[in-house]
Amino acid sequence: MKKKDLGLYIHIPFCVRKCAYCDFVSFRASETVQNAYFRSLLQELGEYQILGNTYLIRTIYFGGGTPSIADPIQLMRILLLIRDHFLVAEDAEITIEVNPGTITRENLKAWKQIGINRLSIGLQSDYDELLKTLGRIHTYDDFLAGYKAARAAGFDNISVDLMYSLPGQTPEMWMNTIRNMTALGPDHISAYALSIEQGTPFAKKYGTPEGAALLPSEEEDRKMYHDACEYLKAAGYERYEISNFAKPGRYSRHNMIYWSMGDYLGLGVNASSYMNGRRFANPADLNEYRKAVPKLAARIKENEPQTKKAAMEEFMFLGLRRGCGVTVKEFSDAFGEEMEKKYGDVIRRLVRQKMLSFEDGRLTLTDAGIDVSNAVLAEFLL
Amino acid sequence: MAEYKQENIRNFCIIAHIDHGKSTLADRIIEMTGLLTQREMQEQVLDNMDLERERGITIKSQAVRTIYKAKDGQEYVFNLIDTPGHVDFNYEVSRSLAACDGAVLVVDAAQGIEAQTLANVYLALDHDLEVFPVINKIDLPSADPKRVIDEIEDVIGIEAEDAPQISAKNGINIEAVLEAIVEKIPAPEGDPDAPLKALIFDSIYDSYRGVIVFMRIMDGKVRRGMNIKMMATGAAFDVVEVGTFGAGRFNPCEELSAGMVGYLTASIKTVQDTRVGDTVTETARPCAEALPGYKKVLPMVYCGLYPADGAKYPDLRDALEKLQLNDASLSYEPETSVALGFGFRCGFLGLLHLEIIQERLEREYNLDLITTAPSVVYKIHKTDGQVIELTNPTNMPDPTSIEYMEEPVVDAQIMVTTEFIGPIMDLCQERRGIYQGMEYMEDTRALLKYKLPLNEIIYDFFDALKSRSRGYASFDYEMAGYMRSPLVKLDILVNREEVDALSFIVFEGTAYERARKMCEKLKEEIPRQLFEIPIQAAVGNRIIARETVKAMRKDVLAKCYGGDITRKRKLLEKQKEGKKRMRQVGTVEIPQKAFMSVLKLDSE
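Residue numbers (the numbering used here), protein chains in the order written: chain A, 1 to 382; chain B, 1 to 604.
Calculated from the structure, these hints are not laboratory results.
Note that this is a predicted model, so its numbers are computed, not measured.
Don't be surprised by glycine CBs; every beta carbon is placed ideally from N, CA and C.
Do not take every clue at face value.
What the hints assert, rightly or not - List time: in silico DSS-like cross-link candidates among lysine-lysine, alpha-carbon distance up to 25 Å:
id	chain 1	residue 1	chain 2	residue 2
1	B	Lys229	B	Lys312
2	B	Lys574	A	Lys342
3	A	Lys354	A	Lys233
4	B	Lys570	A	Lys308
5	A	Lys308	B	Lys295
6	B	Lys229	B	Lys295
7	A	Lys342	B	Lys570
8	A	Lys341	B	Lys580
9	B	Lys517	B	Lys570
10	B	Lys523	A	Lys354
Stated by the list, open to error - Simulated coverage check for chain B against chain A, where a stretch passes if three residues somewhere in it have a Cβ under 8 Å from a Cβ of chain A:
id	stretch
11	445–458
12	548–557
Claimed, not checked - Okay, the calculated beta carbon distance ranges per label pair:
id	chain 1	residue 1	chain 2	residue 2	range
13	A	Thr307	B	Asp309	19 to 25 Å
14	B	Asn541	A	Thr208	44 to 50 Å
15	B	Tyr440	A	Glu210	22 to 28 Å
16	A	Thr208	B	Arg470	47 to 53 Å
17	A	Ser357	B	Asp309	54 to 60 Å
18	A	Thr208	B	Lys593	19 to 25 Å
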């Protein structure tokens, strides 16, 4: 029997310090807490071993938090156990998110040895003053040293995360960053606009009307995005998702699973999964997660599967984030119904408003559509 | 039940400025005169209210009857009649006062007389009620009873030297009030053997018993089985039950006779038949003439009420039907709007009445409503001699077929301290008021008289009056017929499409100003959308104001959130939910509250 593709996400919630804008589940933790957490992760993985019969692992992604502060031995244990239970594709993409302040020669060597083949480095900015505003623990020089060391250690698939629309950042500064990065030439660049999330120190500072005035205007924000897209395109980076750019063949295969309705299993606190037509997430509280571990695997069979309606909606609003968009054929293959029947009117209206382009059965967001994609994508909720 | 002679009955009401302690004093009086303990009273009142709630009748008791054993050793029946306190319900107030023989005026010992107290005091004096003052809240540190006594004597001109000084809240000196009620308020007069003559001062609808009529017997008697007639409406009924008002309950009794206050039921299906102010008499032995002062109250203000969810139209119709059972002054008829779909054009006594009905529909009937801008009733004289009464601006005929238009006007009386005369005169001027005169009530207070168009006061005049006089002006008006005016219909176009529900009639001279404010307001209310939206105001084919809602610039979720699709979905659902609260007009989504924004054009 042919096995189904699977992406594994492993959440490492630990950080040296939490950044001022971050609302992910992450925190500082003692070694004891960390060790206990890794035991839970291994236990959770064990609960899923039966899946090894039906799934082939295509991608593994250590996300955080800051997985790069974890003891590589712990990561190795996880990877070994994965290989115990599952068949991992020979060309599997195995990514670790890396904080530039945590890159050492030893770490790089260890990651390489245990099979990690892709680094996603959270640089955010090459301006130290902006890094300080964000509450990052590193400088640009830390990054440069780490990046060069990673290349030297043989990592040939490196992604760099950048942020724009930051307080104090001008479009000119941002384009300097983009130029600097393309000169350096990582294989993949993610460019995320700062979003002010509730409950963060940034929300206190910039969440009020007065605070928001300290941020770049919407016009500047869009200029930063458009200028970067243009520059990156000329430099050989394809925009394959709203915020993600890659050199040919260097898409994040793991992230593509999210946008393409592929199966993925999230391990660890607060991790989300999409398995067997069901969406579920682990508890966001560390203790609750630990207690729940023995019961988590049952969700794959016992949880209510998502409705066809929900699946159609997600197919559209996730798929349209991709540069390749969605095709009418993929839709009818997936659902046995015509896209026209469900979305004909919406599509025609949005095409007329130049938010969508529809050519040869392929539907994609236009540049204008990307700018207001929430409004556009919300139209696809049935 | 013991029989009480007329001389042992006291029918009265309490007059007070808001927050001066009217309901607290009423509670004390009930508590100290009834045979019930405070605890029992509360329990009983509450029990009864639950019952009332189940049956869907008015929770608030409009009248209450208690027994007081006075120092002279005799027992007195106290009928305390509640009065509404807003100009919209002036007529109801006047009928309630007509059912009383006296009034207790409660004045706050710290704040003294407030402008708004005066209108009601004068109204009471107009009805020849014996008014005596009570100084409340004397235990406040800032209390200054001496000053307040002087003020009452100077401003109102009633004797206040021996006014009881009390604290209703803390139960201080309440007995003095009770004794004063016995001493100062005259006993009712009236011939128990004359033909029945009773004044209806309120009525409520109960789904089991039908209408319960609240009345004051002026002459004669009414008892179970008697065939009675409403003199104005002509409706006749057989009385099923008569009785008096306990604390939160109805106490049936054998008969009610001259001087008494009580209720009757007679399987009456709708309050339309038992109009406030009408006279009840015996069909077989009618009284010679009805009590003076009855008038059929006509709606003054109309607006469209639409269910936010079109599917709820039948629910809205049922709710209006039920409310009308209990509210004779509410009128409604179906109408349709291109923008809002199916709804009703409803008539109200005034803006407060409108708000009350709107709130009851939303709260008691769980309806989400869109209200269009309120309009008064215009008279349109057409060139062919026809006269149309216009309650919905959308129905205004083509201007070329109109010879002239008339709008309703009121005679307004504004009581104001002298320092604010200037600002208030300016305000009346701005509202097209015609100055009628001014009288000084005393050195520091004056009564301004203006003729004002009703459509200038229905929206926010009261608020403007208060803000320009720092709360010191009070305002009262009565209808004064119609006046010829140059009026035009202002249409609003959103994205070049006319939105019928936003049209309104406006004085030609202020059309430009109104149009500009309306466009500005709508620009604030209509969220940015995927495309640019022009908002225009037009009189006929002429655009007189314009604003633009710029296209949405940025609304993008850049962040990845890992595989947490649920979070993305929630965000999009919230977005969609927001759209649900909007009305689609052409391709534009207009938020529901934008339709009410004309109401607030003048609020700074």
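Cross-check of the supplied hints:
no., hint, in the structure
1, B:Lys229 x B:Lys312, "violated (39 Å)"
2, B:Lys574 x A:Lys342, "holds (21 Å)"
3, A:Lys354 x A:Lys233, "holds (22 Å)"
4, B:Lys570 x A:Lys308, "holds (17 Å)"
5, A:Lys308 x B:Lys295, "violated (64 Å)"
6, B:Lys229 x B:Lys295, "holds (17 Å)"
7, A:Lys342 x B:Lys570, "holds (21 Å)"
8, A:Lys341 x B:Lys580, "holds (22 Å)"
9, B:Lys517 x B:Lys570, "violated (36 Å)"
10, B:Lys523 x A:Lys354, "holds (24 Å)"
11, 445–458, "violated (count 0)"
12, 548–557, "holds (count 6)"
13, A:Thr307 x B:Asp309: 19 to 25 Å, "holds (23 Å)"
14, B:Asn541 x A:Thr208: 44 to 50 Å, "holds (45 Å)"
15, B:Tyr440 x A:Glu210: 22 to 28 Å, "violated (50 Å)"
16, A:Thr208 x B:Arg470: 47 to 53 Å, "violated (31 Å)"
17, A:Ser357 x B:Asp309: 54 to 60 Å, "violated (35 Å)"
18, A:Thr208 x B:Lys593: 19 to 25 Å, "holds (23 Å)"
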